[in-house]
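I would like the entire structure built from these sequences, with the hints used as guidance.
Protein chains in written order, with the numbering used here: chain R, 1 to 357; chain V, 1 to 357.
None of these hints come from the bench; they were simulated from the model. Heads up, some of the hints might be wrong.
For lysine-lysine, the following PhoX-like pairs were computed, each having C-alpha atoms within a straight-line distance of at most 25 Å [said to hold, decoys possible]:
no.: 1; chain 1: V; residue 1: Lys344; chain 2: V; residue 2: Lys174
no.: 2; chain 1: V; residue 1: Lys58; chain 2: R; residue 2: Lys60
no.: 3; chain 1: V; residue 1: Lys38; chain 2: R; residue 2: Lys261
no.: 4; chain 1: V; residue 1: Lys199; chain 2: R; residue 2: Lys150
no.: 5; chain 1: V; residue 1: Lys241; chain 2: R; residue 2: Lys58
no.: 6; chain 1: V; residue 1: Lys150; chain 2: R; residue 2: Lys199
no.: 7; chain 1: R; residue 1: Lys60; chain 2: V; residue 2: Lys38
no.: 8; chain 1: R; residue 1: Lys58; chain 2: V; residue 2: Lys60
no.: 9; chain 1: V; residue 1: Lys58; chain 2: R; residue 2: Lys58
no.: 10; chain 1: V; residue 1: Lys261; chain 2: R; residue 2: Lys35
no.: 11; chain 1: V; residue 1: Lys35; chain 2: R; residue 2: Lys261
no.: 12; chain 1: V; residue 1: Lys35; chain 2: R; residue 2: Lys348
no.: 13; chain 1: V; residue 1: Lys261; chain 2: R; residue 2: Lys38
no.: 14; chain 1: R; residue 1: Lys60; chain 2: V; residue 2: Lys60
no.: 15; chain 1: R; residue 1: Lys199; chain 2: R; residue 2: Lys150
Some but not every residue of chain V turned toward chain R, in silico, with C-beta under 10 Å [said to hold, decoys possible]:
no.: 16; residue: Asp96
no.: 17; residue: Thr108
no.: 18; residue: Thr157
no.: 19; residue: Tyr169
Here a beta-carbon is modelled for each residue, glycine too, at the ideal position from N, C-alpha and C.
Number of protein chains: 2
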Amino acid sequence: MIASFLAMTMIEDKNPQRTSIAQLGEFGLIDHLTKNFKINQVSTLKGIGDDAAVLDFKDKKVIVSTDLLIEGVHFDLAYMPLKHLGYKAVVVNISDICAMNAKATQITVSVAVSNRFPLEALDELFAGITHAATEYNVDVIGGDTTSSQKGLIISITAIGEADEDEIVYRNGAKQTDLLVVTGDLGAAYMGLQVLEREKQVFQVNPNSQPDLDAYTYLIERQLKPEARKDVRTLLHALEIKPTSMIDISDGLSSEIMHLCKQSNVGCNLYEDKLPIDPQFINVCEEFNIDSTTVAINGGEDYELLFTIAMEDFEKIKGNPNFTIIGHMTQESEGVHLVTRANTKIALKARGWNALEE
Amino acid sequence: MIASFLAMTMIEDKNPQRTSIAQLGEFGLIDHLTKNFKINQVSTLKGIGDDAAVLDFKDKKVIVSTDLLIEGVHFDLAYMPLKHLGYKAVVVNISDICAMNAKATQITVSVAVSNRFPLEALDELFAGITHAATEYNVDVIGGDTTSSQKGLIISITAIGEADEDEIVYRNGAKQTDLLVVTGDLGAAYMGLQVLEREKQVFQVNPNSQPDLDAYTYLIERQLKPEARKDVRTLLHALEIKPTSMIDISDGLSSEIMHLCKQSNVGCNLYEDKLPIDPQFINVCEEFNIDSTTVAINGGEDYELLFTIAMEDFEKIKGNPNFTIIGHMTQESEGVHLVTRANTKIALKARGWNALEE
Chain R
1 MIASFLAMTM
11 IEDKNPQRTS
21 IAQLGEFGLI
31 DHLTKNFKIN
41 QVSTLKGIGD
51 DAAVLDFKDK
61 KVIVSTDLLI
71 EGVHFDLAYM
81 PLKHLGYKAV
91 VVNISDICAM
101 NAKATQITVS
111 VAVSNRFPLE
121 ALDELFAGIT
131 HAATEYNVDV
141 IGGDTTSSQK
151 GLIISITAIG
161 EADEDEIVYR
171 NGAKQTDLLV
181 VTGDLGAAYM
191 GLQVLEREKQ
201 VFQVNPNSQP
211 DLDAYTYLIE
221 RQLKPEARKD
231 VRTLLHALEI
241 KPTSMIDISD
251 GLSSEIMHLC
261 KQSNVGCNLY
271 EDKLPIDPQF
281 INVCEEFNID
291 STTVAINGGE
301 DYELLFTIAM
311 EDFEKIKGNP
321 NFTIIGHMTQ
331 ESEGVHLVTR
341 ANTKIALKAR
351 GWNALEE
Chain V
1 MIASFLAMTM
11 IEDKNPQRTS
21 IAQLGEFGLI
31 DHLTKNFKIN
41 QVSTLKGIGD
51 DAAVLDFKDK
61 KVIVSTDLLI
71 EGVHFDLAYM
81 PLKHLGYKAV
91 VVNISDICAM
101 NAKATQITVS
111 VAVSNRFPLE
121 ALDELFAGIT
131 HAATEYNVDV
141 IGGDTTSSQK
151 GLIISITAIG
161 EADEDEIVYR
171 NGAKQTDLLV
181 VTGDLGAAYM
191 GLQVLEREKQ
201 VFQVNPNSQP
211 DLDAYTYLIE
221 RQLKPEARKD
231 VRTLLHALEI
241 KPTSMIDISD
251 GLSSEIMHLC
261 KQSNVGCNLY
271 EDKLPIDPQF
281 INVCEEFNID
291 STTVAINGGE
301 DYELLFTIAM
311 EDFEKIKGNP
321 NFTIIGHMTQ
331 ESEGVHLVTR
341 ANTKIALKAR
351 GWNALEE
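Here it is, written out as structure tokens:
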């Protein structure tokens, strides 16, 4: 499935239908692109169609996060199908709302495209956005559509709601708290390495048919990540409120540094506790890359990283959704990885830096 | 003042201080750019620094609007100083909140820049953003800073608040309502024409010193527009609630068409009532352009256009802030300009189309 659309993306249709977006005009285009958006949230009083949207959160607090995605910086259309890009752009923002332990309710979507994009390409992008909005039950309440000088630009603002006592910030971790992560780590980064390699193979031999069966999980983690909207419910059922929380977009080590800095604590992270997928290990070996390095520094997992009080250990122990990967310490002890060989290495926030060339 | 900074922009400093933004890294850059943002709104519980901002509007409704501004499409850095661009980017979004008869309270600001921008240029941009945030008393609560493949990209989401019964939509105009506009029309468009002309003169002769005294008002309307946050207060004091409202970003005729379409009414607009500035008339003559055409189709005035019940005529009559420029009709009568010669011309929503090349 993933392999076949990848092939479809790379083996471009030479005669696709191409409708110029300039033909529709700005208002016509916006009408066309937004006609499928339905309003489902009771908090949405007015969606698209006025100068601004109107929302009503009653006694809930309002959570707001925003992201800007730029072609050639954050994504490569050579292997990122537009429908998946639209889906991922929404997911990435909803993940930030999840990281506050809140429920995403609305998004605004702004898109700029160069004239090389036909209407059909925008339709694909918006199909992905619509699919994500449906999956995550968020209303698309506004946005902007315009032209760019170069490439595709997507800006999404996600809005969510939560009761005040539910909200979890980055700054609440305590010295003896346990460090917990959802899902597994590093797969999205290795998926990107596989896709980059296939792109290069394709550039040399455009008739090559990629066999990507051994990489499906990794590629799916890269191209179609999901936000952990389930974690809020899972934790609520376990009667656990995290003391701090963040989502893993820039890489585990970078996010741990954020929690430690804002909470004024240190951390010991245990190499042998890192949750990694067997396919991930195989592909790291194939690429001759150290799997721990990738698990710690690879970004875009969109899992949640949080701390809980030690007393909550029994509630979470053995739960397949969560892995305890370390514990917080006094700030003066610093932030370290404890290796399998039981040596301590200072963690650095390498993360992912969009500003480097 | 305007003329001198225009000259300063065009006569570029050949040895400015240039600090590479890559030097700071992503987190360092965000810290640097956001350190001056203060939180003033009681509704802002948490601003920049977590996965998302947290807001509390209690029993108020929440108003949300968003815009994407692209270099080469929406602005030209040849004559738009970065500080003014930052200011205008904020104002344009706040204007949408004002057009709902709401009060702007927060903004998120996302910026993407190519590596040709030194830190000092970003500082100028953020100085303008900070100035606007202070002037309009809005908190900057989030955003994103990243690199672009080409040029400068700014995405702003504005958030506001209002009581439910204060909010004014586009769809409430009635058949006999009066059509009212704030300020004057067309000046921003003619300011742009003057700046475009000066740019061409400058390209031919880089040593020319522009004398722009005759154009200061027009240039200011283009480079440093203001959102009409005062109108909400003015109308409240007059005990007038508009039946429909919109801001003039794409041009008067385009906005009238929106009100008519959404309210299912027609409109007669009177040429002799259009509020235009004497400097505007002079410059239209100089450029040999029909001033009515520009007043009706020129965009970016950021004035408010609204309808009021006929009974409110006495409350608004002679008020220098407002001009009654027409009245609504039955939908079947269509949307017309009534000229000084008393002929009726059907209005078209020409507006401004960023998707045309």
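Here's how the hints hold up against the structure:
1. Proposed proximity of V:Lys344 and V:Lys174 is supported: the alpha carbons are some 21 Å apart, at most 25 Å.
2. Restraint check for V:Lys58 and R:Lys60: the C-alpha separation of about 8 Å stays at or below 25 Å, so the hint holds.
3. Taken as a hint, the V:Lys38 and R:Lys261 pair is honoured in the structure, with Cα atoms around 21 Å apart against an allowance of 25 Å.
4. Using a Cα cut-off of 25 Å, the hinted pair V:Lys199 and R:Lys150 holds, with the two alpha carbons roughly 23 Å apart.
5. Using a Cα cut-off of 25 Å, the hinted pair V:Lys241 and R:Lys58 holds, with the two alpha carbons roughly 24 Å apart.
6. Pair hint V:Lys150 plus R:Lys199 holds up; C-alpha atoms about 23 Å apart against a cutoff of 25 Å.
7. A threshold of 25 Å between alpha carbons decides the hint, and for R:Lys60 with V:Lys38 the separation of about 24 Å falls inside it, so the pair holds.
8. Note on R:Lys58 and V:Lys60: the hinted pairing holds, with a Cα-Cα distance of about 8 Å set against a maximum of 25 Å.
9. Annotation: proposed proximity of V:Lys58 to R:Lys58 holds, straight-line Cα distance about 6 Å (limit 25 Å).
10. Only pairs whose Cα atoms come within 25 Å are accepted, and V:Lys261 paired with R:Lys35 is accepted, the gap being roughly 17 Å.
11. Under the criterion of a C-alpha separation no larger than 25 Å, the hint pairing V:Lys35 with R:Lys261 is consistent with the structure, at around 17 Å.
12. Pair hint V:Lys35 plus R:Lys348 holds up; C-alpha atoms about 23 Å apart against a cutoff of 25 Å.
13. Between V:Lys261 and R:Lys38 the CA atoms are separated by roughly 21 Å; this keeps the pair inside 25 Å, and the hint holds.
14. With a CA separation close to 11 Å, the supplied pair R:Lys60 and V:Lys60 stays within the 25 Å bound.
15. The hinted pair formed by R:Lys199 and R:Lys150 meets the criterion: a straight-line CA distance of about 21 Å does not exceed 25 Å.
16. With a cut of 10 Å, the hint placing V:Asp96 at the interface with chain R holds, because the nearest CB-to-CB distance is about 4 Å.
17. With a least beta-carbon distance of about 4 Å to chain R, the hint placing V:Thr108 at the interface is held under the 10 Å criterion.
18. Annotation: interface hint on V:Thr157 holds; nearest CB of chain R at approximately 4 Å, less than 10 Å.
19. At its closest, the beta carbon of V:Tyr169 sits 5 Å from a beta carbon of chain R; the interface hint therefore holds under the 10 Å criterion.
Comparing the model with each earlier hint shows no violations; every hint is respected.
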